[in-house]
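Peer 1: First to last, the sequence lines map onto chains L and F. The first sequence maps to residues 1 to 315 in our numbering. The second sequence maps to residues 1 to 283 in our numbering.
Derived by calculation from the structure, the hints in this document are not laboratory data. Just so we're clear, the structure is a prediction, and the values are computed from it rather than from any experiment. Don't take each hint at face value.
Unchecked claim - Computed list of lysine to aspartate or glutamate pairs in DMTMM-like fashion (alpha-carbon distance at most 20 Å, straight line):
id	chain 1	residue 1	chain 2	residue 2
1	L	Lys164	L	Asp176
2	F	Lys135	F	Asp152
3	F	Lys194	L	Asp85
4	L	Lys189	L	Glu170
5	L	Lys245	L	Asp213
6	L	Lys189	L	Asp239
7	L	Lys40	L	Asp75
8	L	Lys164	L	Asp85
9	L	Lys140	L	Glu162
10	F	Lys194	L	Asp65
11	L	Lys141	F	Glu283
12	L	Lys140	F	Asp280
13	L	Lys141	F	Glu192
14	L	Lys40	L	Glu13
15	L	Lys189	L	Glu130
16	L	Lys120	L	Asp65
17	L	Lys164	L	Asp204
18	L	Lys164	F	Glu245
19	F	Lys194	F	Asp183
20	L	Lys140	F	Glu283
21	L	Lys245	L	Asp204
22	L	Lys164	F	Glu192
23	F	Lys194	L	Glu103
24	L	Lys141	F	Asp280
25	L	Lys135	L	Glu186
26	L	Lys40	L	Glu103
27	L	Lys265	L	Asp204
28	L	Lys40	L	Glu162
29	L	Lys245	L	Glu193
30	L	Lys164	L	Asp284
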Amino acid sequence: MTLPVTHPFLQVENLARIYPSPTGGDAVTVFDHVNFRIHKGEFICVTGHSGCGKSTILNILAGLDSASAGNVFMDGREVSGPSLDRGVIFQSHALMPWLTVLENVAFAVKSRWPNWSRPKVHVHAMRYIELVGLKGAEHKKPSQLSGGMKQRVGIARAFSIEPKMLLMDEPFGALDALTRGVIQEELLKICAETQQTVFMITHDVDEAILLSDRIMLMSNGPHARIAEIVNNTLPRPRDRSAIHKQPLYYPIRNHLVDFLVSRSKLFGSLREAADAPSSPAVFDPADLVESGFSDRVEAVQPAPAGKPQIHLVNA
Amino acid sequence: MKARLKPVRQSILLSLLLFALLIGVWHLLTLPETVAVAADVDPEYAALMGGVAGTAASSFPTPGAMADTIWNKLSDPFYDNGPNDKGIGIQLAYSLGRVLTGFFLAALVAIPLGFLIGGSRVIYNALDPYIQLLKPISPLAWMPLALYTIKDASTSAVFVIFICSLWPMLINTALGVANVRRDWLDVARTLEVKPLRRAFRVVLPAAAPTILAGMRISMGIAWLVIVAAEMLVGGTGVGYFVWNEWNNLSLTNVVFAILMIGVVGMALDSIFGVLGKRVDYQE
C-alpha cells in the first residue's frame, strides 16, 4: 500500500467506551485512546481477547453504537449513525427467516436503490447470489440452508449494496473449519475483484494472516487499546493451501500467537506504570525475523498442530 | 397377522369409539321408564300432559330425537317466521356479524396501538397500569355502561365484543413488536430503511406469528362472550336463541344450539390456525 498517509479513508481518533458502574462505584473503561487509520482497499483484521471491546469498536464504525469519547471519520465526514456506505456482516448472519435468499438480498438492494424497478433489483441481487455460489438456492428460505450457506447469503447481501466499507464481526466464527476455509477463499476472491475496504474481527490468527493487509492486536480490557499493528506483507494473490510455505508466514503467526498468549495482558500494567502510548507499535514481518524470531520459527515450523483444517481441506 | 394400524388411524378409530360410547350412554340415560306410581297420577292431569306424566319419559332429548331436530333445523336454516322463530342460520349470522364487527374494530385499534407500545419503553410503561386494570374486567360488566351510553342493544353487544377482543391482541402485538430480534433491526438500520418500510417489511412479519396468536385468543374469547351478551340484550343471535328455547322448555333446541356454537367456534379457531401457519417462519 503506497497511499498517502495524509489522506486516510477511515480515521479513528481517541475512541473510548466507558460504562458507568451499576453499583455506583468507579466507571469501567473498556477501551480508550484507540487510534487507527484505514486506507481505501485495505483489508484490516482485528484480534484480541474477549472483552477488549473489538465488537463495540465495530459497532461504532457501523454507527449502531456510539462512543463515550473520540471520533470516527470516513471519507472526511464524521460517522454519526448507520449508513448504506458501511455494510455489516453479522456473526449470526441476521437473515430474515420469512424471506427467501433472493428476497433477503433484494431487500438490501431495494434499500440502496429505492427507485430501481423490480426486475433490475432482482438481476442485481442474483449477480451477488451467483458470486457467493448460491445460484439454484435463491428461492430457499434461510431455515433450509446450512450455516455456511446462510453466511454466504449474509456476504452477498452486504456486497450487493456496494458499500464503501465492509464491517465483519467474526463472520465465520459459527462455522465448521472446512466450510470456513472454503468461504475464506471465496471472500479473498471477491475482495480482490471488488477492491473492497474491509474491517474484520476474528479470533482465528490463520484467517487474519490469509485475508488481511494489516492485523491490529488489541490488549486486554479494561483500558484496552490497539497495542500493536502487524503489517502482513505476504504476497497476493494468496492461496490457503500454500500460504504456510511462505518464509514469513510462521514469523507472523508466532508473533500473533505470542501476543495473544502472553503479551496482550502485559499492556495494561505497562500503561499504568508509564504514560499511555497513544499510537501502537508497528511491526513488519522482516523485522520480526531479524529480531531473533527466526530461531524459534525453525523450531516451531515442522509442527503445524494449530492448522489441521488446512491439511484436511486439501486432502 | 394384520399389520398394525398407523397412529393417525388409531386416533380416528378411538375418536369414533368414543362417539359411539357417548351416544350409547346418552341413549341409555334417556330411555323412557314406566313409573311404578303411575296409578297415583290423577287421570285428568295425565290427560292434560298428553300421557307424558304416566310414563315419565325423560324430558331430556334422546339421541334419536336430537338427530331428528338437527336434520330438520339444518335442512332449513334460513327461514324467518317473525322475531321469535328464525332459522339457526339467521341467528348464527347475527352473532357472527356482531363478533366480526367488534373483533375487527378491536384489531384496528389494538394492532397499531400495540406497535406503539411495543416500540417504546416509555409508552409501554405509561399505558401498562391501564391495561393491567382494564384487562381482568369481565366484558359483560361493561354492558350497563354500554347500554346507557350507546342506547342500542345490538351496538352494545358489538361494544362488549370489541372490549373483550382488544386486550389479547394489544398485549400480543406489543409483545411481538418488542421482541423482534435486534439483529433484524440492526440490518434495517444499516440499510437505512425508513420507519414505515421497517414497520411493514421487518417488524410486522417478525411479529406476525405472535400477533396472529393474540388474534386467535381474542376470537375465541369473543365467541364465548357473544352468547352471554346476546342472552342479555335479546332480540337476535344464537345467544338469544338459546335463552328463548330455554324459556320454551325445548331442551332439544338448546342442545342443538350448543352444538352449533361449538361447531362455529371450532371453525373460527381453525381459520386462525391456518392464518397463523401462513405467517409463521422457522429460524
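Peer 1: It remains to establish, for every hint, whether it holds in the given structure.
Peer 2: Against the structure, the hints:
1. Lys164(L) <-> Asp176(L): 29 Å, violated
2. Lys135(F) <-> Asp152(F): Not satisfied, since the Cα-Cα distance of roughly 24 Å exceeds 20 Å.
3. Lys194(F) <-> Asp85(L): 16 Å, holds
4. Lys189(L) <-> Glu170(L): 18 Å, holds
5. Lys245(L) <-> Asp213(L): 18 Å, holds
6. Lys189(L) <-> Asp239(L): 10 Å, holds
7. Lys40(L) <-> Asp75(L): Between Lys40(L) and Asp75(L) the Cα gap is close to 9 Å, so the pair holds against 20 Å.
8. Lys164(L) <-> Asp85(L): 5 Å, holds
9. Lys140(L) <-> Glu162(L): 24 Å, violated
10. Lys194(F) <-> Asp65(L): 19 Å, holds
11. Lys141(L) <-> Glu283(F): Holds - the C-alpha atoms of Glu283(F) and Lys141(L) are around 9 Å apart, at most 20 Å.
12. Lys140(L) <-> Asp280(F): Between Lys140(L) and Asp280(F) the Cα gap is close to 15 Å, so the pair holds against 20 Å.
13. Lys141(L) <-> Glu192(F): 24 Å, violated
14. Lys40(L) <-> Glu13(L): Given that 20 Å is the threshold and the Cα spacing comes to 18 Å, the pair holds.
15. Lys189(L) <-> Glu130(L): 13 Å, holds
16. Lys120(L) <-> Asp65(L): Judged against 20 Å, a Cα distance of about 33 Å means the pair is violated.
17. Lys164(L) <-> Asp204(L): 25 Å, violated
18. Lys164(L) <-> Glu245(F): 76 Å, violated
19. Lys194(F) <-> Asp183(F): At roughly 17 Å apart (the allowed maximum being 20 Å), Asp183(F) and Lys194(F) satisfy the hint.
20. Lys140(L) <-> Glu283(F): Status holds; Cα separation ~13 Å.
21. Lys245(L) <-> Asp204(L): 18 Å, holds
22. Lys164(L) <-> Glu192(F): The given pair, whose Cα atoms are some 15 Å apart, holds under the 20 Å limit.
23. Lys194(F) <-> Glu103(L): Status holds; Cα separation ~18 Å.
24. Lys141(L) <-> Asp280(F): Distance of about 12 Å is within 20 Å: holds.
25. Lys135(L) <-> Glu186(L): Roughly 15 Å separates the two Cα atoms, so the pair holds.
26. Lys40(L) <-> Glu103(L): 30 Å, violated
27. Lys265(L) <-> Asp204(L): Holds, at roughly 18 Å.
28. Lys40(L) <-> Glu162(L): OK: Lys40(L) and Glu162(L) at ~14 Å, within 20 Å.
29. Lys245(L) <-> Glu193(L): Answer violated: Lys245(L) to Glu193(L) is near 25 Å, above 20 Å.
30. Lys164(L) <-> Asp284(L): Distance of about 27 Å is beyond 20 Å: violated.
The structure does not agree with the numbered hints 1, 2, 9, 13, 16, 17, 18, 26, 29, 30 stated previously, though it agrees with the rest.
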